[in-house]
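Counting with numbering that gives the first Met the number 0, you get residues 0 to 334 for the letters of the sequence shown.
Since the hints were derived computationally from the structure, they do not count as laboratory data.
Misleading hints may appear alongside valid ones.
To be verified - Listed below are the simulated DMTMM-like cross-link pairs for lysine to aspartate or glutamate, each with C-alpha atoms no more than 20 Å apart in a straight line: (1) K274 to E129; (2) K289 to D252; (3) K289 to E320; (4) K274 to E264; (5) K274 to D252; (6) K274 to E258; (7) K289 to E264; (8) K289 to D222; (9) K289 to E251; (10) K274 to D243.
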Amino acid sequence: MSRAYRAAVECIARWTGERLRQQFPHHPQIFICNGAAGTRHRHRTVRAVARRRCGGGGDPPELWWTVSGEEARQRVSSRLEQRGSPEPVIVSMGGDGTHNHVLQAGVDHGGRGVFLRLPLGSGNDAAGVESLEDALGDLEGIVTPRWSPAVRISGSRWNQYAFNIASVGLDAYVTLLHNRWRGVLPGNTYRLLVDLAVLRFDQALHVGPLSLLGTTWGGTTLDLGATPRSLVVMGVSGNRTYGDHMWVLPGEDNVCIIERAGLLEKLRMKRLFYKGRHVDEPITAMYNLKRLVGNYAGTFPLQYDGEACYVTAEDFPVTMEVVRSAVRVLAADRV
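With the hints as constraints, model all of the structure from the sequences given.
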């Protein structure tokens, strides 16, 4: 992390803190920034935003620099354990993974705290805005706390939350590759690594049948069968992107299931996927579901807001379920 980038982040934090004090004058503020978040290209963008937005002095905010999402979650959790009123406004500065860990600390403490997400990472789909400039622009108007939904992901031995999209399959495999290589590859490494993942996915994981049961919002159970799948996605709602604004859920449905396909078919689907046109293909099924339960006899990759891991046979069945009110986030009042 360069001195110029660190100064830019501190300047944006100071600018943000001044505007938050105007609307929440009695709430303590805490800023958390993952110094490892983002690519060199993203860092240049952040410095450019700081040059346009920042100037002058002002009181420096309480800014915690972290090196991982786990550290951010632990530090926020420790702060939320300190009971008092009014509750703190906690600003996460980083990518989707940073926001995820910070918001999970709020879930851990029963929804305590009010959160603001500023997108500074290599993946910025879970912050509720298109860009850092848009997030700062919202702060020039009125922002209010609103309950935000999440997808609760439960295995036999653990629980995690996604505040944008959770998924198993090819895209989680891409995320694992992306997290491994994003520090040394330039620009948007997610898209650079999709081709490699498409070529290796089936062979590397020996993909077998994944059985799925869905539950509608009305309580009806749907048996979605047991076949090899390339991708299973569940969002907190429809109209969601991931992988740096790829339209995986372009409509009102919050679940996308893509059956296993051959190499040529997957390469063709990839082009459609970027524009949200995959939903009309025969191997794609879209649903609007509250709950999805998967069972698998082997190891499968899982991702939640850009945080990826492998789920083993002992972890299944895995349940994904939308929780309507998980944490409170600051959002702009728009007509």
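Evaluation of the provided hints:
A distance of roughly 16 Å separates the Cα atoms of K274 and E129; the hinted pair therefore holds under the 20 Å criterion. Using a Cα cut-off of 20 Å, the hinted pair K289 and D252 holds, with the two alpha carbons roughly 11 Å apart. The suggested pairing of K289 with E320 holds, with an alpha-carbon distance near 6 Å, which does not exceed 20 Å. Distance restraint check for K274 and E264: the Cα-Cα separation of roughly 16 Å lies within the 20 Å cut-off, and the hinted pair is therefore satisfied.
Distance hint between K274 and D252 is fulfilled; the C-alpha atoms sit about 16 Å from each other, no more than 20 Å. The straight-line distance between the Cα atoms of K274 and E258 is roughly 19 Å, inside the 20 Å bound, and the hint therefore holds. Restraint check for K289 and E264: the C-alpha separation of about 30 Å exceeds 20 Å, so the hint is violated. Between K289 and D222 the alpha-carbon distance is near 14 Å, which keeps this suggested pair within the 20 Å criterion.
The straight-line distance between the Cα atoms of K289 and E251 is roughly 13 Å, inside the 20 Å bound, and the hint therefore holds. A threshold of 20 Å between alpha carbons decides the hint, and for K274 with D243 the separation of about 12 Å falls inside it, so the pair holds.
When the structure is compared with the earlier hints, a violation turns up for hint 7 alone.
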